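There are 2 protein chains.
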Amino acid sequence: MEILIVGSGNMARGIGLRLVRGGHRVRIADREPDKAADLAAELGDSASGEILDGTAGAEVIVFATPYEASKQLAEMWASELAGKTVIDICNPVDFTTFDGLVTPEGKSAAEEIAAAAPGTRVVKAFNTTFASRLANSTPLDVFIAGDDPDAKKTVTGLCLDADLRPIDVGGLKHARVLEAFQLLHMKVQDQIQGGWATELTFKPA
Amino acid sequence: MEILIVGSGNMARGIGLRLVRGGHRVRIADREPDKAADLAAELGDSASGEILDGTAGAEVIVFATPYEASKQLAEMWASELAGKTVIDICNPVDFTTFDGLVTPEGKSAAEEIAAAAPGTRVVKAFNTTFASRLANSTPLDVFIAGDDPDAKKTVTGLCLDADLRPIDVGGLKHARVLEAFQLLHMKVQDQIQGGWATELTFKPA
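For the record, the sequence lines run as chains A and B.
Residue numbers 1 to 205, in my numbering, belong to the letters of the first sequence in order.
Residue numbers 1 to 205, in my numbering, belong to the letters of the second sequence in order.
Worth flagging that the hints you see were computed from the coordinates, not collected in a lab.
Here the structure is a predicted model, which means the values were calculated and not measured.
Mixed in with the good hints, there may be bad ones.
Stated by the list, open to error - Here are the in silico distance ranges between beta carbons for each label pair:
#1 A205/B to T97/A: 25 to 33 Å
#2 T97/A to Q191/B: 31 to 39 Å
#3 Q191/B to A69/A: 28 to 36 Å
#4 T138/B to Q191/A: 38 to 46 Å
Just so you know, even glycine gets a beta-carbon here, dropped at the ideal spot from N, CA and C.
Work the whole structure out from these sequences, hints included.
Structure representation (structure tokens):
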């Protein structure tokens, strides 16, 4: 599959590494093409870098960008995204308080992004997996929420290819809970071992 | 410490076992005194059973009851609970849909219980730990939310005594997220190994 990852930060790197290992072709797009090229070089021959310039050719698009930027991408690309699968990974944390979210009461970032690009098959995934854990090869739980069954099937398949454990938590509304719980995961990092490399999981007994 | 557990179901059993092993004195209270006595007998010499009849003598009270019953207990005992530490463990799941909660939008069961008994030091804990996992002796993450620092300190201490890993996620408002995430934990049991014995955890790397 050809996957366009927007952004070239740590999460783009972690997801890109997993997808390339899973046998997929990864395009990294960034407003700064040098950054995209650098990350693509690190990901290897199945990856390429490009300047941010549309989604043509991509079967799946990953917004590996902060919430505000992801929303802007959805608005900017609204017409070309219709019918496509977009993976939203963001955590709309209020970094001024680190004790709440910046999304409107009762709404998730994923729903806001979906509303900005009607007809897009938005799937929430990877918001609870820290980049450092994606970058190595241990299995991780990936919680998936979305309203489009085919898009969720696609994301589930990508996870399985990448040695991840997909867990379908239901409709896109449940992204609210994934985002809210990840805030708790982030804000207690000083209390738990292995800070910023911990794993939110439904660990088997 | 003398702890009154209201209820004699699986969660009362799991928490009771942990607390007794942790060196505490446990009283089991139930509307049906035989059930309370049976569970107390199973818990051993540090436990006793009684009919549900107030909280006198107890330093900490655990509502090991469903949401509606817990709210009724709070209303019924409002005056005697003021200043006391109450642990609310409930999950206000809408069992007709198994896809939502019965609490008012934006409110947690814990906050509703606290509102029903003003002045009570309500702490949310143990709502994400399945009874079967509490009943054995492996460590488990216990997520704790509450507005009263002393009450949280007490609950944190009880957890440490019981070989559990307390994680303070902040104020009582965060109980909303603990409850909502536990619904997801419950509803995906058919997708994950080790059903109803899995562990919601921030597993270290």
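Beta-carbon spacing of T97/A to Q191/B - inside the hinted bounds 31 to 39 Å or not: 34 Å, holds
Range hint 38 to 46 Å (beta carbons of T138/B and Q191/A) holds or violated: Since T138/B and Q191/A have Cβ atoms about 20 Å apart, the given range 38 to 46 Å is violated.
Range hint compliance [Cβ, A205/B to T97/A, 25 to 33 Å]: Given range 25 to 33 Å: holds, Cβ gap about 27 Å.
Beta-carbon spacing of Q191/B to A69/A - inside the hinted bounds 28 to 36 Å or not: 32 Å, holds
Consistency note: the structure conflicts with earlier hint 4 alone.
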